[in-house]
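Novice: Line by line, the protein sequences are chains A and B. Mapping of the first sequence onto the numbering used here: position 358 corresponds to residue 358, and the numbering continues sequentially without gaps. Mapping of the second sequence onto the numbering used here: position 11 corresponds to residue 11, and the numbering continues sequentially without gaps.
None of these hints come from the bench; they were simulated from the model. Keep in mind that a hint or two might mislead.
Here's a subset of chain B near chain A, in silico, CB distances under 10 Å, partners left out [what the hints assert, rightly or not]:
1. 52
2. 86
3. 88
4. 165
5. 226
6. 230
Each residue gets a CB set at the ideal place from its N, CA and C atoms; glycine is no exception.
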Amino acid sequence: MMTRLGLLVRLALRNLRRQARRSVLTASAMVLGLALLVFTRSIGDGAHETWIKAGVRLASGHVTVVAPDYLPRRTIEDRLRAAGARAALDALARSDLAPLVEIAAPRLELRALASSPRGAVPVVVYGVDPTLEPAFSQLTTRLVEGRALLASDRLHAYVGVGLAQRLHLRLGDRVVLTAQGADSTIADQLVRVAGTFRSGLPEVDDGVIHIPIATAQAWVGVGDDVSAVAILLHSSRDADRVVRSLTAALGTDGTAVALPWPTTTPELDSAVKLDDYGNYVFHFVLLLIVALAIVNTILMAVLARTRELGILRALGLRRRDTATLVLFEGTLLTTVAGLLGAALGLAVTFGIFRDGLDFSAFYSGEMTAAGAIIDLIMIPEFRLDHMLQNVVWIFIIGVVASLYPAWRATRIEIAEAMKFEG
Amino acid sequence: MIENGRTAVRTEDVWKIFEHDGMAVEAVRGVTVRIDPGEFVVLAGPSGSGKTTLLNLFGGLHRPSRGRVWVDEQDISDLSEHDLSRLRLMRIGFVFQAYNLLPILTALENAEFSLLLRGVPADERERRVRALFEKIGIANLDDRRPSKLSGGQQQRVAVARAVVGEPALVLADEPTANLDSAASGALLDVMTQLNEELGTTFVFATHDQELMARAKRIVRLVDGAIASDQRQ
Numbered sequence: 001m002m003t004r005l006g007l008l009v010r011l012a013l014r015n016l017r018r019q020a021r022r023s024v025l026t027a028s029a030m031v032l033g034l035a036l037l038v039f040t041r042s043i044g045d046g047a048h049e050t051w052i053k054a055g056v057r058l059a060s061g062h063v064t065v066v067a068p069d070y071l072p073r074r075t076i077e078d079r080l081r082a083a084g085a086r087a088a089l090d091a092l093a094r095s096d097l098a099p100l101v102e103i104a105a106p107r108l109e110l111r112a113l114a115s116s117p118r119g120a121v122p123v124v125v126y127g128v129d130p131t132l133e134p135a136f137s138q139l140t141t142r143l144v145e146g147r148a149l150l151a152s153d154r155l156h157a158y159v160g161v162g163l164a165q166r167l168h169l170r171l172g173d174r175v176v177l178t179a180q181g182a183d184s185t186i187a188d189q190l191v192r193v194a195g196t197f198r199s200g201l202p203e204v205d206d207g208v209i210h211i212p213i214a215t216a217q218a219w220v221g222v223g224d225d226v227s228a229v230a231i232l233l234h235s236s237r238d239a240d241r242v243v244r245s246l247t248a249a250l251g252t253d254g255t256a257v258a259l260p261w262p263t264t265t266p267e268l269d270s271a272v273k274l275d276d277y278g279n280y281v282f283h284f285v286l287l288l289i290v291a292l293a294i295v296n297t298i299l300m301a302v303l304a305r306t307r308e309l310g311i312l313r314a315l316g317l318r319r320r321d322t323a324t325l326v327l328f329e330g331t332l333l334t335t336v337a338g339l340l341g342a343a344l345g346l347a348v349t350f351g352i353f354r355d356g357l358d359f360s361a362f363y364s365g366e367m368t369a370a371g372a373i374i375d376l377i378m379i380p381e382f383r384l385d386h387m388l389q390n391v392v393w394i395f396i397i398g399v400v401a402s403l404y405p406a407w408r409a410t411r412i413e414i415a416e417a418m419k420f421e422g
Numbered sequence: 001m002i003e004n005g006r007t008a009v010r011t012e013d014v015w016k017i018f019e020h021d022g023m024a025v026e027a028v029r030g031v032t033v034r035i036d037p038g039e040f041v042v043l044a045g046p047s048g049s050g051k052t053t054l055l056n057l058f059g060g061l062h063r064p065s066r067g068r069v070w071v072d073e074q075d076i077s078d079l080s081e082h083d084l085s086r087l088r089l090m091r092i093g094f095v096f097q098a099y100n101l102l103p104i105l106t107a108l109e110n111a112e113f114s115l116l117l118r119g120v121p122a123d124e125r126e127r128r129v130r131a132l133f134e135k136i137g138i139a140n141l142d143d144r145r146p147s148k149l150s151g152g153q154q155q156r157v158a159v160a161r162a163v164v165g166e167p168a169l170v171l172a173d174e175p176t177a178n179l180d181s182a183a184s185g186a187l188l189d190v191m192t193q194l195n196e197e198l199g200t201t202f203v204f205a206t207h208d209q210e211l212m213a214r215a216k217r218i219v220r221l222v223d224g225a226i227a228s229d230q231r232q
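Can you make the complete structure from the sequences, with help from the hints?
Specialist: Written out as structure tokens, the structure is:
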């Protein structure tokens with residue numbers, strides 16, 4: 001037996017079909033609108049992921065395990081003890097976390113003074129594992145001269161090109177690093193320049209030196225202690241999950257804490273949020289246009305069918321039934337168009353542009369923001385949660401945009417509607 | 001005074017006053033009338049005499065400004081919109097001047113519409129509509145959309161839609177106005193037949209002389225008030 005609701009759905013479908021040209025035109029606008037929404041959001045998500053990855057590679061990963069008081073002073077006294085670092089690495093090797101982790105690299109970060117015969121400048125020295133570094137940092141691929149660090153290196157340094165220029169360093173030149181040791185005495189370390197890099201970020205190129213972590217640990221006398229275990233994940237979205245698991249694994253004895261990248265690199269987080277905000281404004285305008293198209297189509301359909309809606313009321317349809325009928329028309333049109341738009345958006349985004357959009361022709365040199373080098377090839381990323389959000393949003397827009405026409409439908413006076421010639 | 005016995009529709013000193021450009025227009029003035037079940041009544045009168053307004057008051061499409069209206073002995077004067085919708089669905093059938101079938105539905109679907117809203121099962125709906133179509137001579141038109149029907153055929157479907165739910169009252173506003181004389185005569189045959197065979201109560205608002213000739217009772221309105229009430 002057909003229910004009243006079933007009847008209203010049938011009437012709504014037939015009304016849409018009756019005005020096929022108008023329905024198709026409106027639906028086309030909505031399909032294109034949603035396809036554009038899917039496309040821009042996927043590109044935006046992909047760009048953010050690339051952006052975040054670039055930022056955390058130059059910093060301390062998507063997740064960082066440090067001693068509780070390490071941030072923000074970053075002093076050697078607040079270093080992560082070897083036991084804490086080991087516990088973190090053991091936890092990351094577990095089957096539930098290992099698939100999420102691209103690489104976990106212990107690092108020793110030291111504030112130091114770099115001296116050459118031509119001068120001295122303050123620098124940040126990173127003690128890194130040369131075998132892990134190529135997978136972690138972008139710097140190894142940004143070689144200017146010489147080479148990056150090798151596993152066999154002991155007293156070699158990989159130096160920012162700006163710093164090398166300021167100290168007039170060439171390959172093989174010696175540079176003396178001076179820093180506070182673990183015992184609060186001043187300690188020196190002599191290293192030779194193995195290579196220089198250009199990241200594109202002045203603060204990195206002018207003030208960063210990489211040396212082997214074993215050399216750094218011996219230099220400042222911290223044994224196997226480190227500053228942090230920097231963890232690079234396959235996806236930034238897993239950061240919170242990894243932090244929760246690590247927090248559980250590390251316990252609450254106060255020796256180590258796991259922090260997500262928004263905490264350790266807040267400027268990057270702010271930049272992503274700011275960019276997101278801009279995207280939301282664009283998406284809002286896009287959805288508003290879609291909503292106006294729906295309001296226009298459905299309202300016109302209601303006004304043109306005043307007499308017909310009057311007949312329905314005279315035959316016994318309640319006011320709320322006429323409102324439901326109009327809501328169904330708007331929602332059905334929107335839902336169908338929304339699903340088609342999502343499909344078209346996915347097809348275009350991941351069929352045609354799956355290898356990314358190359359913006360390098362529009363920008364010469366490095367593009368940087370919030371301490372990250374922006375890759376000018378933006379590769380789209382599929383996010384199921386965002387896709388579902390898009391569809392839910394378009395559904396809500398359909399319902400909301402149909403509310404006014406539906407209300408208008410309930411205001412129709414039957415006797416007046418019968419005189420209507422529309 | 002109201003006589004004893006059940007009525008299809010009755011009014012007591014009913015008035016309908018419209019506001020128009022700040023002026024009060026008395027479309028119906030103090031009408032008291034009763035129409036018994038099975039009657040075939042015409043509301044006659046010149047344009048602007050209040051025929052359609054009175055018909056709309058009978059059907060709950062207008063609310064009286066004063067006085068009361070009963071349909072099938074239910075006082076409808078103060079019913080809520082929801083209850084009026086239910087009343088129209090269950091007890092009143094309408095036939096309008098301009099056919100007013102739903103263009104997106106077939107003839108059969110149009111005719112069964114009120115049954116569908118009442119929740120009558122599909123086979124029962126179809127059986128009743130087909131029987132009625134057979135009776136009024138449009139048996140082979142079930143699947144046609146209104147745009148594929150002549151004016152006379154459309155109006156027969158409209159009549160079928162109005163009577164299929166066996167309402168207490170069928171209200172018809174100028175049902176023959178858009179038909180030629182042959183189609184008009186055929187339609188009146190159908191309604192006369194339904195009145196006689198099924199006992200359906202018909203109340204018409206019309207100028208149509210042929211319809212008035214077939215009426216068993218003519219209520220003449222002048223300036224919104226009953227000028228005469230004659231049985232024939």
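Novice: Does each hint fit the structure? Answer for all of them.
Specialist: Now for the hints, and whether the structure bears them out:
no., hint, in the structure
1, 52, "holds (8 Å)"
2, 86, "holds (7 Å)"
3, 88, "holds (5 Å)"
4, 165, "holds (9 Å)"
5, 226, "violated (21 Å)"
6, 230, "violated (27 Å)"
Of the numbered hints stated above, those contradicted by the structure are hints 5 and 6, listed in ascending order.
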